[in-house]
Amino acid sequence: MAVERHAAAGHSPMSVSRPVPGRREASFDRLFEEFSSPIHNYVLRMVGDRDRAADITQDTFIKAYRKLDSLTDDTSVKAWLYRIATNTAIDEMRRRKYTVRMDDDQQPHSERPDHRPGPEAQVLSSQLDERIQRALMRLKPNHRQCLLLSDLEDMSGQQIGQVMDLSYGAVRTLLCRARGEMRRQLAAEGLDR
Amino acid sequence: MNHVDELISASLSGDLTDTERHQLETHLDACPRCRATLAAFTDQRRLVSGLRHAPAPRNLGARVRSGIESGRRVSVPWWRRPTSLLAAVGGVGAVAAGAALAIVLFNSGAPEVASSVAPIASSSPSATPIPTESLTPTPSQTPAPTPVPSASVVPVPTEPAGHFVYQLANQSGSVHFVTPDRDIALNLDALGMPARATLSPDGAWVAFRIDGDLSGFSDFYVVRVSDGVVIPLGKSLQPAYGLGEELSWSPDSSQLAYTMTTTDSKIDVWLFGTRDASVQQLTNSGDAFNGGWADKDGVKLWVSRAAAQPTSYLVQVAGEGLTPPFEPSTAALGSQAGVFQPLVSPDGKHVIFWRGIMGTPGGHWSFSEGAMPWLADVGDNGNVDFANARQVFSTLAGGREMFRGASIAWGPDSDAFAVWDAQWTGVPQGNRFPDSTRVYFGHVSNAALITAGQTLDAADTQGATQIVDVAIGPDGNHLALTVVTAEGSEGGTYGPTAQLRLVTRGYGTDPDKVEIVGKDKVWYGPAVYGGIGQR
Numbered sequence: 001m002a003v004e005r006h007a008a009a010g011h012s013p014m015s016v017s018r019p020v021p022g023r024r025e026a027s028f029d030r031l032f033e034e035f036s037s038p039i040h041n042y043v044l045r046m047v048g049d050r051d052r053a054a055d056i057t058q059d060t061f062i063k064a065y066r067k068l069d070s071l072t073d074d075t076s077v078k079a080w081l082y083r084i085a086t087n088t089a090i091d092e093m094r095r096r097k098y099t100v101r102m103d104d105d106q107q108p109h110s111e112r113p114d115h116r117p118g119p120e121a122q123v124l125s126s127q128l129d130e131r132i133q134r135a136l137m138r139l140k141p142n143h144r145q146c147l148l149l150s151d152l153e154d155m156s157g158q159q160i161g162q163v164m165d166l167s168y169g170a171v172r173t174l175l176c177r178a179r180g181e182m183r184r185q186l187a188a189e190g191l192d193r
Numbered sequence: 001m002n003h004v005d006e007l008i009s010a011s012l013s014g015d016l017t018d019t020e021r022h023q024l025e026t027h028l029d030a031c032p033r034c035r036a037t038l039a040a041f042t043d044q045r046r047l048v049s050g051l052r053h054a055p056a057p058r059n060l061g062a063r064v065r066s067g068i069e070s071g072r073r074v075s076v077p078w079w080r081r082p083t084s085l086l087a088a089v090g091g092v093g094a095v096a097a098g099a100a101l102a103i104v105l106f107n108s109g110a111p112e113v114a115s116s117v118a119p120i121a122s123s124s125p126s127a128t129p130i131p132t133e134s135l136t137p138t139p140s141q142t143p144a145p146t147p148v149p150s151a152s153v154v155p156v157p158t159e160p161a162g163h164f165v166y167q168l169a170n171q172s173g174s175v176h177f178v179t180p181d182r183d184i185a186l187n188l189d190a191l192g193m194p195a196r197a198t199l200s201p202d203g204a205w206v207a208f209r210i211d212g213d214l215s216g217f218s219d220f221y222v223v224r225v226s227d228g229v230v231i232p233l234g235k236s237l238q239p240a241y242g243l244g245e246e247l248s249w250s251p252d253s254s255q256l257a258y259t260m261t262t263t264d265s266k267i268d269v270w271l272f273g274t275r276d277a278s279v280q281q282l283t284n285s286g287d288a289f290n291g292g293w294a295d296k297d298g299v300k301l302w303v304s305r306a307a308a309q310p311t312s313y314l315v316q317v318a319g320e321g322l323t324p325p326f327e328p329s330t331a332a333l334g335s336q337a338g339v340f341q342p343l344v345s346p347d348g349k350h351v352i353f354w355r356g357i358m359g360t361p362g363g364h365w366s367f368s369e370g371a372m373p374w375l376a377d378v379g380d381n382g383n384v385d386f387a388n389a390r391q392v393f394s395t396l397a398g399g400r401e402m403f404r405g406a407s408i409a410w411g412p413d414s415d416a417f418a419v420w421d422a423q424w425t426g427v428p429q430g431n432r433f434p435d436s437t438r439v440y441f442g443h444v445s446n447a448a449l450i451t452a453g454q455t456l457d458a459a460d461t462q463g464a465t466q467i468v469d470v471a472i473g474p475d476g477n478h479l480a481l482t483v484v485t486a487e488g489s490e491g492g493t494y495g496p497t498a499q500l501r502l503v504t505r506g507y508g509t510d511p512d513k514v515e516i517v518g519k520d521k522v523w524y525g526p527a528v529y530g531g532i533g534q535r
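These protein sequence lines are chains A and B, in that order. Note that the working numbering has the first sequence beginning at 1, numbered continuously upward. Note that the working numbering has the second sequence beginning at 1, numbered continuously upward.
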């Protein structure tokens, strides 16, 4: 059986020029224009709440602006920005409900899997989306983060390592664990094969 | 999780070398299970990548610009900040930098999985700082701090001999081990929440585990109580469902057995020797968990290999012709199929162990079917009577229902034992029994062992979102619970808070007496019982 390589897609990590003196504002504007939407989408999937995602995205770009001078020629802009977003999201999650365990018994009702049989409308995209999101929200934060960076953001293992500050080997292990756990959570949502 | 699963996972993002891809394709041709895994992972990637793209709020740009111009800056929480306090104490190191460095050291193998089958096992502990000669205790240097009356005139202590405190001050963290007469600031390589601790029987050493929060790693240490010298034992992926958490001291305090998991999911048993402060890898099978010691001299250790049908080996850890690390069966004095992680009572007369089918459903070894803890007696000849073992949760049906895991601790009296963090996957009985946020307290002498009636009072764990650790006092009537309470204080600005709850069991219908040690912004616990520096 052939194993297909997944074609690289999405944003080029080097597509935004690094800031140079006197061009700070222009560089930041380009950064915002290119990445605000994908960063917001990524954060939304991390935290599962629109208002919080908007706040975190806002804070991410404020931090990015202030740290713009720390970008070097060796820095992947995309990894750098996603790292800021990831850390900001994790900090926010930790502040909010660090100690709340995400097992079934303790989830808010709205996050519990819905096993009720339903009409075909159940599989409408919006509901499918919700079930996938519920499965994501039951993952450990680092599993969710790793999985989203890979499957939603289409990052390579090396890029994920840059974002998460992990070695390539550690990313592969973490990602495999995340996929295993996600498989179980999707099954709990009736989305297994 | 196995190596092939990892290759399958990596294949989805094109992260395989040609050699690995060929290896995987060859394997897939012959393995329906892995083909199913590939199909499931591929579906999963399709589902996640197909999630609807939610547009950013239209006013996001204005909000960002406003934030920049107003000078508002999001407060950076303590765990992200380099700290002056930590810098001042040198060896503790900057948290983030230290943790990152540790991970780099830990993953010093090549980035190719195929060529890094066991880089961690060989590099991690040897890469961790081993104490210098001046720190190595010798018999003459071994502390005997204060004269202690003989045991016959010492009342049984009802208070813990010490406990951990993880405190935030000036937005930096520090870990202390606090005894009734001392407060020892620990010089650690990594900071996080102390999660498990055990005192050596001679009272000279405390072994403990620090859980990094979102990193997924745990750091193991021992601290010499007499002078606060800390010896790092290694860094491990955090165990799944309580498996692999056991820190087992030999009765003569010469050896500590513990289990570590490498980033490539190789799980092996390690030993720390107190006589020469040595750290040694005992097993190399990649699927081995330590149980308890079966003798008083730190020679015979239960080691369990995870498998669909796990097997426990009574391993001789040292002897002629034995050169660790080894595959457990090569040093086995005996073995028992279907038994996992036998935990031996302090007097050596009882064993609590697991039976159940194991698998790697979440990418790591855990129970997948029929898992239950059992209690067996040990005969005068030292043989464990596994055949006549009793189910610890005597009223649960078993079968396909099971515990995904649970934490278990013996009391020093070898009669009492506690079970907590019990992850029951079956249908709970009335009153949510078993419940992962309650503590179950059984006695060997009570034939019922654990039923719903052996649950600690609800008030003992009121408000707890997680039971981190339970220590039982020598009289079998006092417990120290480390419980995570509500989210961090001050609107969650600070990290998690844990309380140490000292419980005195009430008799009959009398409620338990609970004394809470804890305050905002502080993580209290775990605690240890016993006598510090008994000899």
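No lab work stands behind these hints, which were simulated from the structure alone. The beta carbon of each residue, even a glycine, is placed where N, CA and C say it ideally should be. Treat each hint with caution, since some may be false.
[Unchecked claim] Below are the DSS-like pairs computed for lysine-lysine, each with C-alpha atoms no more than 27 Å apart in a straight line:
{"hint": "1", "chain 1": "B", "residue 1": "K300", "chain 2": "B", "residue 2": "K349"}
{"hint": "2", "chain 1": "A", "residue 1": "K63", "chain 2": "B", "residue 2": "K521"}
{"hint": "3", "chain 1": "A", "residue 1": "K140", "chain 2": "A", "residue 2": "K63"}
{"hint": "4", "chain 1": "A", "residue 1": "K140", "chain 2": "B", "residue 2": "K521"}
{"hint": "5", "chain 1": "B", "residue 1": "K296", "chain 2": "B", "residue 2": "K349"}
[Unchecked claim] To give an idea of the interface, some chain B residues facing chain A are shown, with a C-beta separation under 10 Å as derived from the structure:
{"hint": "6", "residue": "D5"}
{"hint": "7", "residue": "E6"}
{"hint": "8", "residue": "L12"}
{"hint": "9", "residue": "G14"}
{"hint": "10", "residue": "S49"}
{"hint": "11", "residue": "L60"}
{"hint": "12", "residue": "V64"}
{"hint": "13", "residue": "S66"}
{"hint": "14", "residue": "I68"}
{"hint": "15", "residue": "T263"}
{"hint": "16", "residue": "H364"}
{"hint": "17", "residue": "G370"}
{"hint": "18", "residue": "W374"}
{"hint": "19", "residue": "V378"}
{"hint": "20", "residue": "D380"}
{"hint": "21", "residue": "N381"}
Quick rundown of the hints versus the structure:
1. B:K300 with B:K349: Distance of about 15 Å is within 27 Å: holds.
2. A:K63 with B:K521: At roughly 26 Å apart (the allowed maximum being 27 Å), K521 of chain B and K63 of chain A satisfy the hint.
3. A:K140 with A:K63: holds, 25 Å
4. A:K140 with B:K521: holds, 23 Å
5. B:K296 with B:K349: holds, 12 Å
6. D5: holds, 5 Å
7. E6: holds, 4 Å
8. L12: holds, 6 Å
9. G14: holds, 4 Å
10. S49: Holds, about 5 Å.
11. L60: The hint holds - L60 of chain B has a Cβ within 10 Å of chain A, the shortest such distance being about 6 Å.
12. V64: holds, 4 Å
13. S66: holds, 9 Å
14. I68: holds, 5 Å
15. T263: holds, 5 Å
16. H364: Since the shortest Cβ distance to chain A is 6 Å, the answer is holds.
17. G370: At about 18 Å, which exceeds the 10 Å cut-off, the nearest Cβ of chain A leaves the hint on G370 of chain B violated.
18. W374: Nearest chain A Cβ about 25 Å off; hint violated.
19. V378: Interface hint status for V378 of chain B: violated (35 Å vs cutoff 10 Å).
20. D380: For D380 of chain B, the interface hint is violated, since the closest Cβ of chain A sits about 43 Å away, which is over 10 Å.
21. N381: Where the cut-off is 10 Å and the nearest Cβ of chain A is about 43 Å from N381 of chain B, the hint is violated.
Of the numbered hints stated above, those contradicted by the structure are hints 17, 18, 19, 20 and 21, listed in ascending order.
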